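Sequence lines, in order, name chains A and B. Just so we're aligned: the first sequence equals residues 69 to 251 in my numbering. Just so we're aligned: the second sequence equals residues 2 to 612 in my numbering.
Be careful, since some hints might not be right.
Derived contacts from chain B toward chain A, CB cut-off under 10 Å, selection only [as the list claims (entries may be wrong)]:
no.	residue
1	E450
2	K454
3	S457
4	R463
5	R473
6	K475
7	A486
8	K544
9	K584
Keeping only pairs whose Cα atoms sit at most 30 Å apart, straight-line, the calculated DSBU-like set for lysine-lysine is [to be verified]:
no.	chain 1	residue 1	chain 2	residue 2
10	B	K170	B	K120
11	B	K37	B	K64
12	B	K454	A	K188
13	A	K161	B	K411
14	B	K407	B	K475
15	B	K488	B	K502
16	A	K126	B	K108
17	B	K407	A	K150
18	B	K448	B	K411
19	A	K174	B	K142
20	A	K203	B	K584
21	B	K405	A	K174
22	A	K161	B	K448
23	B	K448	B	K481
24	A	K140	B	K448
25	B	K584	A	K174
26	B	K597	A	K174
27	B	K411	A	K150
28	B	K459	A	K174
29	A	K150	B	K405
30	B	K64	B	K142
31	B	K233	B	K30
32	A	K203	B	K454
33	B	K108	A	K174
34	B	K127	B	K64
35	B	K451	A	K126
36	A	K126	B	K407
37	B	K481	A	K188
38	A	K174	B	K544
39	B	K584	A	K150
40	B	K488	A	K150
Everything labelled a hint here was simulated from the structure, so no lab data went into it. Quantities reported herein were computed from a predicted structural model and do not represent experimental measurements. Note that CB positions come from ideal geometry on N, CA and C, so glycine has one too.
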Amino acid sequence: MYVLLFALGALIALTVVFGAILGFASVKFKVKADPLVEQIDNLLPQTQCGQCGYPGCKPYAEAIANGDDINKCPPGGESTIKQLADLMGVDAKPLDSAHGQEDVKKVAFIREDECIGCTKCIQACPVDAIMGASKVMHTVIIDECTGCDLCVEPCPVDCIDMVPLTDTNWKWDALAISVKNIN
Amino acid sequence: MHSELSLIEQVKSGKLWDIPGGIHPPERKSLSNSTKIDIIPLSPFYYVPIKQHIGNEGKLLVKVGEQVLTGQPLTDAIEGLSLPVHAPTSGVIKDITPHVSAHPSGKPEITIVIESDHKDTVFTTKPIKNWQTSEAASLTKHIQSMGVAGLGGAAFPTYVKTNPTKDIKLLIINGVECEPYITADDVLMRYFANEITQGINILQHMVQPELVVIAIEDNKPEAIEAIKLAVKDQDTIEVRVIPTKYPSGGEKQLIEIVTGQEVPSKSIPADIGIVMQNIGTCFAIKEAVIDGKALIHRVVTVTGESISRPQNLWVKLGTPISDLLTHCGLVAEQDQRLIMGGPMMGFNIMDTMMPVVKSTNCILAPSEYNLPSFGVEQACIRCSLCSDACPVNLLPQQMLWYSKAKDHEKLEEYNLADCIECGVCSYVCPSQIPLVQYYRSSKVEIKQEKEDKIKSDKAKERFETRQLRLERDKQARLLKHKESADKRKKALEKDGNAKDKIAAALARAKAKKASTGETAPISADAQTTNTQDKVAAAIARAKAKKQAQADSETTATVSSESQDSEVGSAEAVEAKSAEQIKKDKIAATVARAKAKKLKQAAENKEQGESN
């Protein structure tokens, strides 16, 4: 009987001690952000275009972490879907065409003599890539523009074009040039 | 310090090391190295790309229609890694336009087109005759302004290498020229050994190395003889004859052969106290400093079995390749291939209007019999011939696997960045896999991916900062509202009568409502008449004002006209037209906006209907 009580007492003591340690650790070493969301967000292209149906890449990352489909990001395209599939441990699936098609990279371009200076595009830009003030001409900072398309719709005079970006890096076609064997 | 000393001592002892792998392809150099360097007649047009080197293109100095002289700078070097280009001959600038570039893609690049006047009038530039006493910094600046770039193939701006930030012990002059068919450096050494030596002396003065080694492959006995004769009186310059093997001429490979030291991955030779220059570059430095001549020509080997007179030529930069082929007599066979560079590292020329640039050392027109096209790619049989032959000890078969799978992380783990693209792996592959092309495209993909990552990180940061700012503004607005509400509340509490006042005001309002409700029909009538009167009055006022303005304007114009009638009226017309333009613009803008609204409305309607 005594042995039983002793064992019981010891176990209870251990439970209390470890419980205290775990409790302390959960408070002290608490991870604030969800690391998974952070990881997913890093894979997304950060165009902040909202084509996925969420207001930006981070909200979509949160949605994916909560079980949403991984194929709603047209700017990221197949490669992003593949990376997301690897991260989430699910099968890669083709891009959901309801959210748009994978397209060449584009940037917004304001036809400056037609701009009336209404600032509507500035308010729409998710990355503050449009310069300008009320009643003066606006212009797009090409290096900051993510090509999200969001400024085109609000423009009352339709003076914003999406211009395809020319690649500075030429992609070698693996078979176009052959290094020849000399016999 | 001790090891550095022993490095020079070891090099002086004449010992040579070996590189891993490598191949011995047929040399075919005798085709083109038996004649002196000829000069090609002037072409009617020259195409000078404004960027012919690694780095940034310079700023344009000339306009279309301008007259230029031979050697006149066409661009000016800008900040950072940059070199100018110079007019290869005198003539008129016909155009500045995108033209097919000397690049495997042929992607059009901004090119200055010069129509030759066939006089070749020389632009006077100052040589630095007393270079022995000049400071290295001024010489470096001069070499940059003369547009000198590495002529071995990469066209890296030479002024960067002549101005090393680290202490240089050893200067290696690369006369190896290990690629088959090419003999440009070979003949340059044979016939211009003294000029090359002068260039080396200038480099010695600038870089201050303890020792200079000129490395030449043993398949060029005439060149070795000529160089040995030229440097026989100089005890700080040694000629080192190295065994023939491809790719001994690679920068890091030659350093390994001469010194036994490996340049670590991701570092440059200067990090271990070594600088390397090409034979052709030494000649260009001599011309720039002693003769004051900008880099506007170079030796180009035009060779191959389909060329009837294979030879080396002094070619002005910007000469279209078609002129070289005509001069040397191309007898094209069916599906004739043309290659810029050698058979190992060169690329197919897609358009013979492609110009000769600073990095062009060879134009090759081989016959299909001697240099057969690549066959159909077969599956990798894991024979490991490629990894045995690789001069940088990479694992080409693994990298092929990851390159096909686009696994960039793994590729970097296997040190793809250290691949020198020498083509040895493709040469030995029994399955005819164009391995090096896979690596080239993967390298570009990795570069692109890195650039995209930087951009997306920036976009993320900007997006998050914007969200923070919007939130902060919102909070500030809320706070302001709350504060003013509190103020009102406090004011109410302070004023004891306020409540009564409000009550009284409410009562008055109620009473008024009740009374107007009773007399509504009459007062409404009265109000309308009242407003009508008001509107009429306002219109009358506006009309009167306009009249008055018009009157004053006419008097103003009259008075100004009396002073200078013509100018005055002209100004008036101008002002009017400017106003008109502005009005038109506004009208156009409004029209566009209206059109957009209509379109949207129509679309909405359509959608509604379809729904």
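Looking at the structure, which of the earlier hints fail to hold?
Those not satisfied are hints 5, 6, 7, 8, 9, 10, 11, 14, 16, 19, 23, 25, 32, 38, 39, 40.
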